[in-house]
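Given two chains presented individually in distinct reference frames, assemble the corresponding complex, making use of the accompanying hints.
Going down the list, the protein sequences come from chains A and B.
According to UniProt numbering, the stretch in the first sequence is residues 1 to 408, in order.
According to UniProt numbering, the stretch in the second sequence is residues 1 to 451, in order.
Just so you know, these hints were derived from the structure itself, not from any lab.
Glycine included, every Cβ here is placed at the ideal spot set by N, Cα and C.
Don't take every hint at face value.
Counterexamples of contact, computed for chain A against chain B with all Cβ distances above 10 Å [claimed, not checked]:
#1 96
#2 111
#3 123
Capping the alpha-carbon separation at 27 Å, the derived lysine-lysine pairs in DSS-like fashion look like this [what the hints assert, rightly or not]:
#4 4(A) to 210(B)
#5 397(A) to 448(B)
#6 404(A) to 99(B)
#7 275(B) to 347(B)
#8 406(A) to 275(B)
#9 399(B) to 397(A)
#10 184(B) to 406(A)
#11 9(A) to 314(B)
#12 257(B) to 130(A)
#13 401(A) to 9(B)
#14 9(A) to 432(B)
#15 15(A) to 432(B)
#16 272(B) to 11(A)
#17 210(B) to 406(A)
#18 398(A) to 234(B)
#19 398(A) to 99(B)
#20 406(A) to 148(B)
#21 15(A) to 314(B)
#22 49(B) to 28(B)
#23 148(B) to 401(A)
#24 404(A) to 448(B)
#25 17(A) to 184(B)
#26 257(B) to 173(B)
#27 11(A) to 342(B)
#28 346(A) to 432(B)
#29 257(B) to 398(A)
#30 99(B) to 210(B)
#31 404(A) to 3(B)
#32 9(A) to 342(B)
#33 49(B) to 401(A)
What follows is the residue order along each chain.
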Amino acid sequence: MGLKDKLHKLKLKYKDKKMAPAFNAIHTFLYLPNETTHSGSHVRGADDLKRTMNTVIMALLPCLVFGMFNAGYQHHLAAGEIEAVTNGFFSSEFWTLDNLIVGLWKVLPLVIISYGVGLGVEFLFAVIKKHEVEEGYLVTGMLVPLIVPIDTPLWMLAIAVIFGVVIGKEVFGGTGMNILNPALTIRAFLFFAYPTWMSGDKVWVHGAVERANEIAGGAQLDAISGETVLGALAQGKELTYSVSDMFLGFIPGSVGETSSILILLGALFLIFTKIGSWRIMLSSVIGALVMGLIFNGVVSANWIDEGSKFYSLMSTEFWHHLIIGGFAFGVVFMATDPVTASQTNKGKWIYGFLIGFISILIRVFNPAYPEGVMLAILLMNVFAPTIDHYVIQGNIKKRMKRLKLKTA
Amino acid sequence: MSKDIRIRKGLDIKLVGEAEKVTVDATKSNVYAIKPSDFHGIVPKVVAKQGTEVKAGEPLFYSKSNERMLFPSPVSGEIVEIVRGAKRKILAFKILGDKEQKYADFGIKDVNSMNGDAVKTHLLESGCWPFIKQRPYDVIANPDVAPKAIFISGYTTAPLAADSDYVLAGKEKELQTAVTALSKLTEGEVHVSIGKNANSPLGALNNVTKHSVSGPHPAGNVSVQIANIDPINKGETVWVVNPQDLIIIGELLLTGKFNAERIVALGGSSVKKPKYFKTKIGSEVSSIVYDSGVNDESNIRVISGDVLTGENVKPDGYLGYYHNTITVIPEGDDYEFFGWNKPVFNKISPSRALTFSWLFPNKKYELTANTNGEHRAFVVTGSYENVFPLDIYPLQLLKACAVNDLDAMEQLGMYEVAPEDFALTEFICVSKQPHQEIIREGLDLMLKEIG
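The following block holds chain B by itself, in its conformation from the complex (with noise of 0.2 Å):
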């Protein structure tokens, strides 16, 4: 039964810099990075030590709670440098592609005959199972638990991201593969969506239920697609998928080779010539990040993802795990004389309190990383549930999470959502709240006290 959602609540951040739809072939990277906390809440077991040849898709750690769930290498090479951090936790493992890239065999499969369980293995010998997420938690999905539905959104509205129908275009074989695959592990439906106008190969899926999405940010957020889809209720589990990991697993499937391509945009307003490049999971962001030049080299954030919900990886950092979007913008450390009072005609205002946004909807935005204020309480109310298209009241949701209040954020929906459902509520926060952080550390003690 498809369903067409149409979303009015919410806010578009437009923003200078959106990537031209050309792609290149990045520049190749020497080191690989894989950073254990793209995985929230896995505590890494090392398989390959340093020093040690992998292949392409041979694990580099497995997870602590799980020793099935296996965490590949994107790359063949050799493990230079397992960084850690204070009380010898492992920040990142580092890998020196090889020049001939050598790829692990698993197997040529056939979907159609495989089931359930053999799609599982299949998946977790070959270190694609980190692509499942779960929800509730927005953690890598739980392998001994059935999943009710699956999900894909197809539609992006997040700033500057890359766009699904374009990275994905050609792939159609390697999606239909995997999304078959995902069907059999679930006895509920696979869920795509994708844009109402939207000419997305997932359009031409077979196996799945598609369903035409519109309005704006975060109407892309598969949160906002489930809840009026077939919403989390406590003790359901789903698992999502974004739609760039469909072509990895489906590869997997079709050649037998961990493939960890990937089409990532960059853009931002500090970039010259945002475009798409052909890269690599892992990949040193400065192999793509100087390919055209950046303005104002000393004063830019570089960010692994969108800028809302994305990672600071700074200049010599790698791209994230889950991430197919690079944004470069000022990092506007300065001061601004009586910024708080003079009316501002270059920043993005859900109010009308001399600032003049709402006179032009169509304009694109450099913002930069300042935070246009300094952190309060929580004052100002009624403003959040515009841009919160869900049926869950957003302040008290925080305010139970901040408290630490279980029973309130069981009952006020806290299964139904993640961090980046409330990237919009941080972004106009007047009181400069840390939203996202705020939701992590409530789900990472519902995940800790119910499970």
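Only chain A is shown next, with the shape it has when bound in the complex (with noise of 0.2 Å):
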């Protein structure tokens, strides 16, 4: 075959060279190397890193074409244009080309600039300090999109972008080495240095800040609403989707988010390809079931009056936690990051069950900004370690006894 031959030589040439690690990323992309077992077991194993990252990848892409078509269908709905849906997930109001022409023109430059300015970094990090481009930021490239909103400014995307590879993966030493998930450092910083893009009621739906800067500007036009169900809730105000909509995801939201359906069929993908930990995902469902309970408790035991302004997303059924905001999204795809998350099989109930807690406590208590999961998620991304120290230390507990009921 010319092509591989040719690819062959030219690695040769490389090698050694400085621009040997971007053209390795590139060549391995299209072709398995050619390498071979020098230590330990001759045979390996079919699975790669790649493989593993491309897996993710694969339960996330329903997520991001329904979110594009969200992306339009929101707008499109929002401005009075269109139906709202009627007939459940395959509603034809939903799945429309002019719904999908505006999420390919808002979200497709959101995926090309996360992958272009992250794999940029990391060719550039890999060439410096001349180690092979590592997989991990396929996922996070895919990631970021999915969990800013659909407006955010391309600018503020790549610089976001470029602080989250630069301080949250790659100063630890690159993937693997991690502390915090980078995508989540990424929506952080947006989070913190670009407040007013990230949270309110105007950021969520296509063309609501641009409508609201019109009306400003002193233009006669009815105001775009794109409140999220969170941040209804958290103002207390009355609720104008159904369970199945928010289950389904026809809901305002970050672009990948809002399809509880969508993240469930990945979840269970992700489960079944043994590629996610099933133990991180249950056990934050528990977590966050167990808060909403507590919640739910405390407003019916009175403890708790209607004029509080935390009655609202306290009283909301428990169960209904699971399937608004980010809450799914975030446990489903980014609480289960190998490397941020617990090590050990004990570790991860635990570190999941409190992911799943602290996401609905800090969802209840904070309604300036009522999404809790992802300051959940970096909370215990930095408990991680510790809560693994404990279940090891439990081990070689064990071990030294033994040697203690020896010896006596």
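In structure tokens form, the structure reads like this:
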């Protein structure tokens, strides 16, 4: 085969040269390398890191496609141009070309900037530090456009990606060494640096900010409301969405986080392929349900009066928390990041439970920004090594006890 | 007190080319080689210089750290070459075998009347000592430390490895003599594990504690059995002996001769007719490999040992001192278009990420020596535990070794493991990290720093 031989010759030519990592990254993308084992086991399993990361991307693709349609749907709906969905998941109002065009126009640039800038930084570091380009960013680059508001300016995203990859990952030594989830580091950077673009009731639907500016400029137009379910609840407003809307995903929100059913599908795929940790996903859900039940209990015990600003979110039925906001997306795709999560199986139960528990806690008590899952995961990323430490101490103590019994 | 050991975690790697249970005499090797690198950590001091004649069982060299530890020639003949590498390091002793084998006479012994010291001295003098290895550190046993027990694993689970039950058949007398001798070396017990439904000659032995083992690889690894029978604590030493080496020890005691004869399994998908061969330690692998022909001769990897722990000896190499398996598989040094994302049916995978080995649990595979990916940092967690039956955190122990953290290595159970126990974690490692090498280096560091 011509291409194979040509690339092989180029590889030999670039060997030990400065640009070798950059070339190899592209080469190994096209071809599984011809490397053979030289120590230890002579045969190896079929999986490599590329395959693992690719599996996560496959799990994310339905969310991305849905996100594109939803971007257009929310835009057209808010502008009063179309009717709301009536016919379940496959409603004809939703899956239209018009919706997709808006989505493509708004979401694809986010994807391109995320991958372009992020991989650019990765290649740069690989060349400088003379190591191969690691695959971690393939997933991060797909996560980032899915967890930001649709109208995020591209330059902001670019800056955030650079910050996230450099400070969140490369300074620790690259993929596998980072403490915080890079995608969430990027989002947290955006959130704290540009809060007006990351929260409030104007950023979640394409065109809402623009329209608001026009109105402020004196134009006679109806304002577009782009409030998320959580935002509405935090302010104690009446909900206009049904539970099935929330479960299927016909609600405003970050690009890819809205459709709980597709996230559930992705979760099942990750668990089936043994790539995602079912322990973390399950324990997070349990943690969230427990916290939700506690709040429901507080409400039903009348310890809080209806006037309280926390009342609305506290009285939200406990299991609704799973399908509103970014909880499901965060738990399935970001809490399970193996590098930043707990690394022991026992630790994963604790880590996941606390993520679910704290997510709902933050959600209820932080009405200015009622999205707890990002901060909960980042917080638990920091504590994951501590959890592992105590789990491993258990194993060490068992071993010491055995020794004591023996010598006693 | 006998135990029934059932191992659940693990992975049986099923490969094409299992040796048929037929034994033929191998073509006689011209030159035999003994490689000091087979004896990990031993610095050789030459006894038999180039050009001298040795009898089978006469020492070629002794250990620099313990001059009582002798390493014998497997055959009689002339030392034709002592191969040296960088810094004059000895790589191999090459012996041109005599047509008529002459054996050094070590005298017929009655083991029942011998005491521990006499057994020890006899094994050291006759060069049989290197067959006894110790845990911790997985090196040749230190004769000055008394072990708390001796373990023998007669259960084979490694892919394509020689079946103990088959190669030991008919050697009951030698085996019994050897274990009786070994039982004098420890105040504890001699533990012998055999497969649950196996018809092993080891099952008939006296003076030992027998255990039955079942489950996937690495159930046959002696570390797994030790952990289930009598785990090693800090400060304790246990000895382990491969069952096929018991035959040589037994024969030495019964006849006074060091007979390095061994039944070796030849397997692997590149071998046309895999079967068993009778040959000697150190013989040329080419005397066995080409007997019935190999497929695609230009693209083979010849391994002395099994595919998980063996050594790449090349077609002109020699059978390793401890090996009774030779495996020949395709080298597989070729590119594969989009190999990292297309569905895979012809390789084994612990996941289901478009890999379909989970659908065919009994299919036999033709794996090559390709790594199926490049070396990466540790990323994935929780997968090693599924194939690692010891009560040890494998990832954490590997990381402790990688950063030379002696305290952590000790606390996490380094005394209980050998590199071979990390062969399966290495096999499934998504990051293609060299686990066995990491553990070997960690053990060496501990041996040097702690002793």
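Consistency of the hints with the structure:
Every C-beta of chain B lies more than 10 Å from that of residue 96(A), the closest at about 31 Å, which supports listing it as non-interface. Residue 111(A), annotated as away from the interface, keeps every beta carbon of chain B farther than 10 Å; the closest lies near 18 Å. Every CB of chain B is more than 10 Å from the CB of residue 123(A) (nearest about 16 Å), matching its label as outside the interface. Pair hint residue 4(A) plus residue 210(B) does not hold up; C-alpha atoms about 56 Å apart against a cutoff of 27 Å.
Between residue 397(A) and residue 448(B) the CA atoms are separated by roughly 25 Å; this keeps the pair inside 27 Å, and the hint holds. Among the hinted pairs, residue 404(A) with residue 99(B) is inconsistent with the structure: their alpha-carbon atoms are about 58 Å apart, more than 27 Å. Between residue 275(B) and residue 347(B), the direct Cα distance comes to roughly 24 Å. Compliance with the 27 Å bound is thereby established for this hinted pair. Distance check on the hinted pair: residue 406(A) and residue 275(B) sit about 46 Å apart at the alpha-carbon level, beyond 27 Å; violated.
Proximity of residue 399(B) to residue 397(A) is assessed by CA-CA distance (about 19 Å); at most 27 Å being required, the pair is judged to hold. The straight-line distance between the Cα atoms of residue 184(B) and residue 406(A) is roughly 23 Å, inside the 27 Å bound, and the hint therefore holds. Proximity of residue 9(A) to residue 314(B) is assessed by CA-CA distance (about 26 Å); at most 27 Å being required, the pair is judged to hold. Between residue 257(B) and residue 130(A), the direct Cα distance comes to roughly 57 Å. Violation of the 27 Å bound is thereby established for this hinted pair.
Between residue 401(A) and residue 9(B) the alpha-carbon distance is near 24 Å, which keeps this suggested pair within the 27 Å criterion. For a cut-off of 27 Å, the pair hint linking residue 9(A) to residue 432(B) stands: about 24 Å separates their Cα positions. Proximity of residue 15(A) to residue 432(B) is assessed by CA-CA distance (about 21 Å); at most 27 Å being required, the pair is judged to hold. With a CA separation close to 35 Å, the supplied pair residue 272(B) and residue 11(A) exceeds the 27 Å bound.
In summary, the hint linking residue 210(B) to residue 406(A) is supported, as the alpha carbons are separated by about 23 Å, within the 27 Å threshold. In summary, the hint linking residue 398(A) to residue 234(B) is supported, as the alpha carbons are separated by about 13 Å, within the 27 Å threshold. Distance restraint check for residue 398(A) and residue 99(B): the Cα-Cα separation of roughly 58 Å exceeds the 27 Å cut-off, and the hinted pair is therefore not satisfied. Simply put, residue 406(A) and residue 148(B) have alpha-carbon atoms about 12 Å apart, close enough for the 27 Å limit, and the pair holds.
Between residue 15(A) and residue 314(B) the CA atoms are separated by roughly 26 Å; this keeps the pair inside 27 Å, and the hint holds. Taking the CA atoms of residue 49(B) and residue 28(B), the gap is near 24 Å; set against the 27 Å cutoff, the hint holds. For the given pair, residue 148(B) sits about 19 Å from residue 401(A) by alpha-carbon distance, which is consistent with the 27 Å threshold. The hinted pair formed by residue 404(A) and residue 448(B) meets the criterion: a straight-line CA distance of about 25 Å does not exceed 27 Å.
For the proposed pair residue 17(A) and residue 184(B), the alpha carbon gap of about 61 Å is over 27 Å, so the pair is violated. A distance of roughly 15 Å separates the Cα atoms of residue 257(B) and residue 173(B); the hinted pair therefore holds under the 27 Å criterion. Under the criterion of a C-alpha separation no larger than 27 Å, the hint pairing residue 11(A) with residue 342(B) is consistent with the structure, at around 23 Å. Note on residue 346(A) and residue 432(B): the hinted pairing holds, with a Cα-Cα distance of about 25 Å set against a maximum of 27 Å.
Of the supplied pair hints, the one linking residue 257(B) and residue 398(A) is violated, its CA atoms being roughly 47 Å apart against a limit of 27 Å. Proximity of residue 99(B) to residue 210(B) is assessed by CA-CA distance (about 41 Å); at most 27 Å being required, the pair is judged violated. This hinted pair checks out: residue 404(A) and residue 3(B) have alpha carbons roughly 23 Å apart, not beyond 27 Å. Using a Cα cut-off of 27 Å, the hinted pair residue 9(A) and residue 342(B) holds, with the two alpha carbons roughly 24 Å apart.
A C-alpha spacing of about 52 Å is found between residue 49(B) and residue 401(A), which places the hinted pair above 27 Å, so the restraint is violated.
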